[in-house]
Amino acid sequence: MIEIDPVKCVGCGACVRICPPKALTIEVNEKETILKYFIGRCIFCWMCVQTCPQKAIKTTNKFELSAVDVHELQMELVHNTVKCRVCGKPFITSKFVKEVGRRLNGGFKDDLLYVCPTCRRKLTAKKIATKVTGVE
Amino acid sequence: MDFITISLISFFAVVSAFLPPLLDGVERKVRAKIQSRIGPPTVMQTWYDLRKLAVKELKMPLGGELAVLTVFLSLITSVSSIAYLTYVLITSTLNPLSIATLIVLITASHNLTLLSSVSTSNPFSIVGSYRNVTLLLVNEFGFMAGFIATLYALVRLSTNPTPLSFLAYALGLAALIVSTYVGCGRLPYDIHEAEPELASGALIEFSGVALGTYLYTHLMMRYVFSLLVAYAISTLIIGFTNALVVIAVLALLTSIIYILYGVVAAMLGRTRVDLGVRTLFTLYVSLTLCLVVAWLFA
Amino acid sequence: MVSDIIETLASVARGSRSKSILTKVGEVCGDKLLKVERVSPSTIKVLIKADCLHEVAEVLSAERDVYFRTMAASDERPAENLFKLYYVFGIDSEGTNIVVEVPTDGEREVPSISDVVKACDWYELEAHDLMGVKFSGRFLKRLVLPDDWPEEIHPLRKDITTEEIKKLYQPQVVKRAVELGVEEIVKIPIGPYHPALHEPEYFELYVRGEKVVDARYVGFMVHRGIEKLAESMKYDQVPFLAERICGICGFVHSVSYTQAVEEALNIEVPEKTQYIRTIILELERIHSHLLWIGVALHLLGYDTGFMHAWRIREKVMVLSELLTGSRKTYGINLVGGVRKDINKEKIEKTKQTLKQVLNEYKEFVDVATSVPQVRRRLSGTGVLPGGEARAYSLVGPTARGSGLSRDVRKDYTYGAYHFVSFSIPTYSEGDNLARTLVRIDEVYESINIIEQLLDTIPSSSEIKVDSWEPQPMKLGLGNVEAPRGEVIHVVITGKYGPYRWRVRAPTYQNLQAVPTMLRGVDLADAPITIASIDPCFSCTDRAIKINIKTGKVEFIPLEVLSRGGVR
Numbered sequence: 001m002i003e004i005d006p007v008k009c010v011g012c013g014a015c016v017r018i019c020p021p022k023a024l025t026i027e028v029n030e031k032e033t034i035l036k037y038f039i040g041r042c043i044f045c046w047m048c049v050q051t052c053p054q055k056a057i058k059t060t061n062k063f064e065l066s067a068v069d070v071h072e073l074q075m076e077l078v079h080n081t082v083k084c085r086v087c088g089k090p091f092i093t094s095k096f097v098k099e100v101g102r103r104l105n106g107g108f109k110d111d112l113l114y115v116c117p118t119c120r121r122k123l124t125a126k127k128i129a130t131k132v133t134g135v136e
Numbered sequence: 001m002d003f004i005t006i007s008l009i010s011f012f013a014v015v016s017a018f019l020p021p022l023l024d025g026v027e028r029k030v031r032a033k034i035q036s037r038i039g040p041p042t043v044m045q046t047w048y049d050l051r052k053l054a055v056k057e058l059k060m061p062l063g064g065e066l067a068v069l070t071v072f073l074s075l076i077t078s079v080s081s082i083a084y085l086t087y088v089l090i091t092s093t094l095n096p097l098s099i100a101t102l103i104v105l106i107t108a109s110h111n112l113t114l115l116s117s118v119s120t121s122n123p124f125s126i127v128g129s130y131r132n133v134t135l136l137l138v139n140e141f142g143f144m145a146g147f148i149a150t151l152y153a154l155v156r157l158s159t160n161p162t163p164l165s166f167l168a169y170a171l172g173l174a175a176l177i178v179s180t181y182v183g184c185g186r187l188p189y190d191i192h193e194a195e196p197e198l199a200s201g202a203l204i205e206f207s208g209v210a211l212g213t214y215l216y217t218h219l220m221m222r223y224v225f226s227l228l229v230a231y232a233i234s235t236l237i238i239g240f241t242n243a244l245v246v247i248a249v250l251a252l253l254t255s256i257i258y259i260l261y262g263v264v265a266a267m268l269g270r271t272r273v274d275l276g277v278r279t280l281f282t283l284y285v286s287l288t289l290c291l292v293v294a295w296l297f298a
Numbered sequence: 001m002v003s004d005i006i007e008t009l010a011s012v013a014r015g016s017r018s019k020s021i022l023t024k025v026g027e028v029c030g031d032k033l034l035k036v037e038r039v040s041p042s043t044i045k046v047l048i049k050a051d052c053l054h055e056v057a058e059v060l061s062a063e064r065d066v067y068f069r070t071m072a073a074s075d076e077r078p079a080e081n082l083f084k085l086y087y088v089f090g091i092d093s094e095g096t097n098i099v100v101e102v103p104t105d106g107e108r109e110v111p112s113i114s115d116v117v118k119a120c121d122w123y124e125l126e127a128h129d130l131m132g133v134k135f136s137g138r139f140l141k142r143l144v145l146p147d148d149w150p151e152e153i154h155p156l157r158k159d160i161t162t163e164e165i166k167k168l169y170q171p172q173v174v175k176r177a178v179e180l181g182v183e184e185i186v187k188i189p190i191g192p193y194h195p196a197l198h199e200p201e202y203f204e205l206y207v208r209g210e211k212v213v214d215a216r217y218v219g220f221m222v223h224r225g226i227e228k229l230a231e232s233m234k235y236d237q238v239p240f241l242a243e244r245i246c247g248i249c250g251f252v253h254s255v256s257y258t259q260a261v262e263e264a265l266n267i268e269v270p271e272k273t274q275y276i277r278t279i280i281l282e283l284e285r286i287h288s289h290l291l292w293i294g295v296a297l298h299l300l301g302y303d304t305g306f307m308h309a310w311r312i313r314e315k316v317m318v319l320s321e322l323l324t325g326s327r328k329t330y331g332i333n334l335v336g337g338v339r340k341d342i343n344k345e346k347i348e349k350t351k352q353t354l355k356q357v358l359n360e361y362k363e364f365v366d367v368a369t370s371v372p373q374v375r376r377r378l379s380g381t382g383v384l385p386g387g388e389a390r391a392y393s394l395v396g397p398t399a400r401g402s403g404l405s406r407d408v409r410k411d412y413t414y415g416a417y418h419f420v421s422f423s424i425p426t427y428s429e430g431d432n433l434a435r436t437l438v439r440i441d442e443v444y445e446s447i448n449i450i451e452q453l454l455d456t457i458p459s460s461s462e463i464k465v466d467s468w469e470p471q472p473m474k475l476g477l478g479n480v481e482a483p484r485g486e487v488i489h490v491v492i493t494g495k496y497g498p499y500r501w502r503v504r505a506p507t508y509q510n511l512q513a514v515p516t517m518l519r520g521v522d523l524a525d526a527p528i529t530i531a532s533i534d535p536c537f538s539c540t541d542r543a544i545k546i547n548i549k550t551g552k553v554e555f556i557p558l559e560v561l562s563r564g565g566v567r
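Protein chains in written order, with the numbering used here: chain A, 1 to 136; chain B, 1 to 298; chain C, 1 to 567.
Simulated from the structure, these hints should not be mistaken for lab results.
All C-beta atoms in this analysis are idealised placements derived from N, C-alpha and C, irrespective of residue type, glycine included.
Some hints here could point you the wrong way.
What the hints assert, rightly or not - Here are some, though not all, of the chain C residues that point toward chain B, as calculated from beta-carbon distances under 8 Å:
no.	residue
1	Gly301
2	Asp303
3	Glu314
4	Ser370
5	Gln373
6	Arg376
7	Val420
8	Ile424
9	Ile447
10	Tyr499
11	Arg519
12	Ala524
Said to hold, decoys possible - Straight-line distance between alpha carbons at most 27 Å, and here's what the computed DSS-like set of lysine-lysine pairs gives:
no.	chain 1	residue 1	chain 2	residue 2
13	C	Lys234	A	Lys55
14	A	Lys62	C	Lys315
15	C	Lys45	C	Lys167
16	C	Lys35	C	Lys495
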């Protein structure tokens with residue numbers, strides 16, 4: 001099985017997108033982003049380990065994983081969800097936002113970081129339009 | 001019959017009742033060695049299996065009450081054949097009547113086990129059983145011819161040892177060995193349990209005590225067959241002397257033959273029912289013909 | 001116009017064989033031939049109108065070195081408002097694929113070619129079931145879908161999603177069981193089962209005495225809807241799914257898939273990747289053949305041989321674990337590369353183990369083939385003449401046991417096979433012994449191939465293409481010689497994952513010839529004869545979502561059966 005380091009994980013969902021058997025799933029709601037790992041589906045291919053940009057997923061040698069209750073095979077990692085400052089929709093985790101900020105080395109300002117992609121596109125378009133036409 | 005003889009007979013009968021599962025355990029170990037496996041934990045495993053089966057619940061096969069009855073009947077006949085055989089061997093009462101009784105007892109217990117799987121309602125079992133019937137029809141013939149010829153040749157050898165009667169003995173012994181081997185239901189002649197998807201025998205019909213009894217009877221029959229061969233060989237070597245020595249030698253030789261049969265079986269594949277019958281028939285007929293020729297000249 | 005196209009035909013041809021065959025195709029089609037193009041070095045695509053398909057099939061099947069490889073039906077209505085059928089024919093002597101593309105609107109009937117190309121029978125039925133393509137001139141029946149499946153629903157069409165299919169169809173076993181009142185008595189499932197390898201399938205043998213007069217196969221009991229599932233997955237997820245098509249030879253499927261995608265998108269794979277793939281493929285062949293030899297000997301009652309075959313196989317499994325990290329379903333394949341490198345240390349270890357395996361195998365085979373019962377029961381049973389093998393377009397050891405030296409590794413070379421020299425064992429007797437001996441000899445060849453590859457493996461550590469761009473609607477073929485025969489995948493690419501993925505496992509082709517082999521054998525020899533093609537039913541039954549047939553067959557109370565059948 002794999003172990004996800006809750007400190008390193010930022011909840012970006014790269015592992016979820018690559019996971020062939022869909023053992024890793026992500027659920028985003030108002031308050032929380034939940035990364036779910038269901039061992040029952042895992043095929044131990046380590047694709048997530050190779051993909052993880054944070055190196056937060058570790059391989060282990062545990063393989064005797066039978067359990068009486070199916071819920072024992074389910075593991076969850078809960079992150080806080082950030083809401084878009086413009087439209088108010090939940091979009092990514094707070095840690096993910098911080099990590100993006102860190103990697104960009106302050107290239108993005110907070111007002112853009114905390115905005116969801118759709119709104120960001122609109123904002124940028126507006127900015128360019130303002131620059132070109134000079135009209136607010 | 002004096003007290004010593006009676007106690008000897010009962011002692012040997014008890015040993016004979018205990019030995020077959022033990023020998024089977026040894027055979028399983030040996031076979032595992034040949035196949036580069038570990039095998040059962042101890043040689044007592046077959047006994048443990050039987051003990052376990054004895055306390056398991058019995059599930060009656062559909063329309064199989066008769067089948068279960070025949071299993072217990074065949075247990076009785078095989079126990080009595082062991083007891084009677086011991087009596088014959090120790091008191092050396094070899095006469096036509098005792099030989100006939102022996103043959104009747106042995107074939108009866110053999111055929112009763114067959115009957116048990118024929119009388120079930122499972123079509124797969126019936127296919128398997130009829131295959132076995134076909135094979136045994138040929139084999140009983142070889143067994144009787146071999147058994148009688150060997151015993152007769154032994155009597156002749158003790159009174160008038162000529163090369164020709166020795167030849168007759170060898171031929172009879174060959175027939176006896178082959179037929180007892182086939183009678184043991186070992187490879188390549190375990191056709192009734194072959195291809196379990198196409199045909200299956202008693203093994204899938206019975207459960208609990210009935211299965212335990214069936215297996216035990218099966219092992220007893222193997223033991224009886226080995227005992228007969230051991231007798232035919234040992235008599236030639238040591239003659240009829242002290243009863244205790246006879247028993248000791250017999251028990252030892254029987255065990256060796258039992259294991260040898262098992263080793264041979266591990267090295268062979270399974271024959272097809274028509275091929276098996278044809279091979280056996282050719283073999284027995286040619287052996288019998290040779291015997292008759294030898295007899296005519298002796 | 002016509003002469004123009006024939007001229008183009010000649011220019012796209014790869015060699016003299018394909019040139020003459022294509023010219024013949026051009027002649028029978030006339031102006032019904034719409035377009036010819038070369039989609040990859042070894043693949044020529046011919047677009048024709050449905051009317052002249054039968055004539056084309058006649059021309060192609062008349063050639064001795066041409067055989068039918070696979071057929072994929074694809075729903076391309078979103079793009080072109082058409083269904084398309086891709087018939088893949090292979091020219092053995094030249095290693096060229098001719099893909100005959102036939103568009104149809106889904107209403108008009110396509111002429112059936114199963115009368116001239118015997119092997120096409122199941123493909124047409126499957127296209128009819130799953131795509132709703134109509135064929136004229138043949139009897140159409142349900143092959144893959146269960147009997148009570150709704151008439152107008154074709155699950156592989158693009159307008160129905162997996163979720164809808166799930167809602168649509170619920171197995172009716174429980175309802176039926178209640179109707180029959182079987183809940184109070186003991187239920188014993190009778191079939192579908194396999195006499196040899198214990199997989200879900202069902203053979204009906206018609207027997208007179210102990211002789212088999214005729215046989216019928218009822219299959220497709222474990223449809224898992226893998227093709228439909230893959231259409232919703234991304235490119236790099238599919239190899240892991242593909243590997244799970246088969247539990248014994250899974251790697252061939254993932255290699256086949258990646259090769260198809262690489263061919264469609266023109267991805268250049270590093271040489272070392274080819275080497276690694278080929279080594280693992282051959283390793284898989286060794287373990288699969290050892291497994292088969294063991295099972296075959298077990299069926300013949302020679303259990304000692306079975307144990308020893310599997311003991312030797314164990315060494316190969318441990319070796320696989322060393323090289324890939326897993327004993328089976330290696331999971332090292334991606335589009336454009338592999339995930340695990342083979343270094344010097346591993347090369348040495350592999351060579352050592354192979355030497356041991358070779359010695360033990362030699363000893364074992366000498367003993368096993370000299371057991372009298374094994375020889376007697378293998379020779380002369382389950383005979384498949386070479387002509388029949390050609391007519392059914394058989395593949396792999398089954399074809400090679402009947403004297404056809406058809407081997408994808410040589411004919412349509414891939415991977416690193418062109419760097420090594422090896423021979424193709426062929427026997428012409430066509431009986432069970434011939435097929436066994438082919439497999440026995442192939443293990444020697446495989447060990448030889450791996451040793452050659454390990455000697456010449458490049459030392460670079462480049463095993464993967466860094467990035468590549470998917471382009472939609474490109475056609476690619478990938479073939480691999482699996483232990484059981486040739487595996488061929490047809491991929492039509494999509495934006496993020498395959499748009500259509502057609503898998504053809506070797507058993508799909510070979511199984512259609514089993515009734516021919518069974519006719520006239522003894523009942524006791526039926527299991528070994530069925531096993532002699534090394535069947536893999538789960539590979540064959542990979543097409544669709546439902547795994548239970550009607551339930552009528554599965555739960556017959558034993559009481560009813562024994563009364564009806566015997567008394």
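Structure-based check of each hint:
no. : hint               : result
1   : Gly301             : holds, 2 Å
2   : Asp303             : holds, 7 Å
3   : Glu314             : violated, 10 Å
4   : Ser370             : violated, 11 Å
5   : Gln373             : holds, 3 Å
6   : Arg376             : holds, 6 Å
7   : Val420             : violated, 33 Å
8   : Ile424             : violated, 28 Å
9   : Ile447             : violated, 21 Å
10  : Tyr499             : violated, 42 Å
11  : Arg519             : violated, 17 Å
12  : Ala524             : holds, 5 Å
13  : C:Lys234 x A:Lys55 : holds, 22 Å
14  : A:Lys62 x C:Lys315 : holds, 23 Å
15  : C:Lys45 x C:Lys167 : violated, 39 Å
16  : C:Lys35 x C:Lys495 : holds, 25 Å
This entry does not satisfy hints 3, 4, 7, 8, 9, 10, 11, 15, going by the numbered hints stated previously.
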